[in-house]
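Peer 1: All chains, full assembly: derive it from the sequences and hints.
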Amino acid sequence: MSRNPSRPRSPHLTVYKWGPHMLVSILHRVTGAGLATVGAAALVWWLVAAASGKEAYESFAKLATSWIGIVVGVGLTWAFFQHLLSGLRHFVMDIGAGFEIQGNKFWATMTLAGSILLTAALWLYIVMVRGA
Amino acid sequence: MIVETASQAAGAGEPGASPETNPAALASGPAARVRDSGSAREGAEHWWNERVSSLATLLLFVWLIVSLLRLPALDHRGVTEWLRDPLAAVPMLLLIAATFWHLKMGLQVIVEDYVHDEGNKFLALLLLTFAAAGGAAFAIFAVLKIAFAAGGMPR
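In the order they appear, the protein sequences are chains A and B.
Numbered per the working numbering, the first sequence spans residues 1 to 132.
Numbered per the working numbering, the second sequence spans residues 1001 to 1155.
Just to be clear, a hint being listed does not mean it is correct.
For the chain B half of the interface with chain A, some residues (derived, Cβ under 7 Å), not all of them [unchecked claim]: (1) S1054; (2) H1076; (3) G1106; (4) G1135; (5) A1139; (6) A1142; (7) K1145.
Don't read these hints as lab results, they were simulated from the structure.
Cβ coordinates follow ideal geometry from the N, Cα and C atoms, glycine included.
Peer 2: Below, the structure written as structure tokens:
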């Protein structure tokens, strides 16, 4: 991309004090990238394993229920809920609302708390009710 | 159009005029709109499709999580018998389409933001398109194979 060096540059990220709104903003991208790569691969692997037969499915299930599979699973569910909640926050901001600094920071913090709560609730349900 | 006026004023079309020294050399015809020379007029459509696909993905993943939690067993038999029901297979196909559509658009923005070299960007976007289409095709084929399997799944 050709850039005209005589034009002024806007101050970039380093000049701002970090806050929850900045964290949530970059987390939306990070979680999205994680879900789009690791999450999509897991989805395809699961479905192809199920279509390939019992043996292939069992090797997938063995890995998915190993400790590393559970770590990835918890990570993916947290990324999913974080991306979902900050996506909903974007819907609000898309209509031009929620830009006042206090409210903006508050709802950014709420997406962080909400994603952790939803992840914990889902896995507690899986462990307690389903006994996985 | 403004770009055409500008290109005429700058004397576009001179032989040997590179885009760097003379941006107006590219600023004519439809190709100019996709080569740094202005809007491709598709920005809003990409933005809107990202929102539409995000809502679809949200609803379909809530359906998937609730469905999986309600399944009596997540073993091979449980999952394949569930996916043979059209009311499971069809939302799953929609989920795959919406998810790969959405993730392709999301990763595209990341590539466009961070890959500045035009050649690398072109290659990265091409590979992204292929990967998204390939992933979706594998997943869709798997669901259809399960859904259309005759006489029960191999045990």
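Peer 1: Next, verify each hint and record whether it holds.
Peer 2: Hint check:
1. S1054: holds, 5 Å
2. H1076: holds, 4 Å
3. G1106: holds, 5 Å
4. G1135: holds, 5 Å
5. A1139: Given a least distance of 5 Å, the restraint on A1139(B) holds.
6. A1142: At about 4 Å, which falls below the 7 Å cut-off, the nearest Cβ of chain A leaves the hint on A1142(B) intact, so it holds.
7. K1145: Interface hint status for K1145(B): holds (4 Å vs cutoff 7 Å).
The structure agrees with every numbered hint stated previously.
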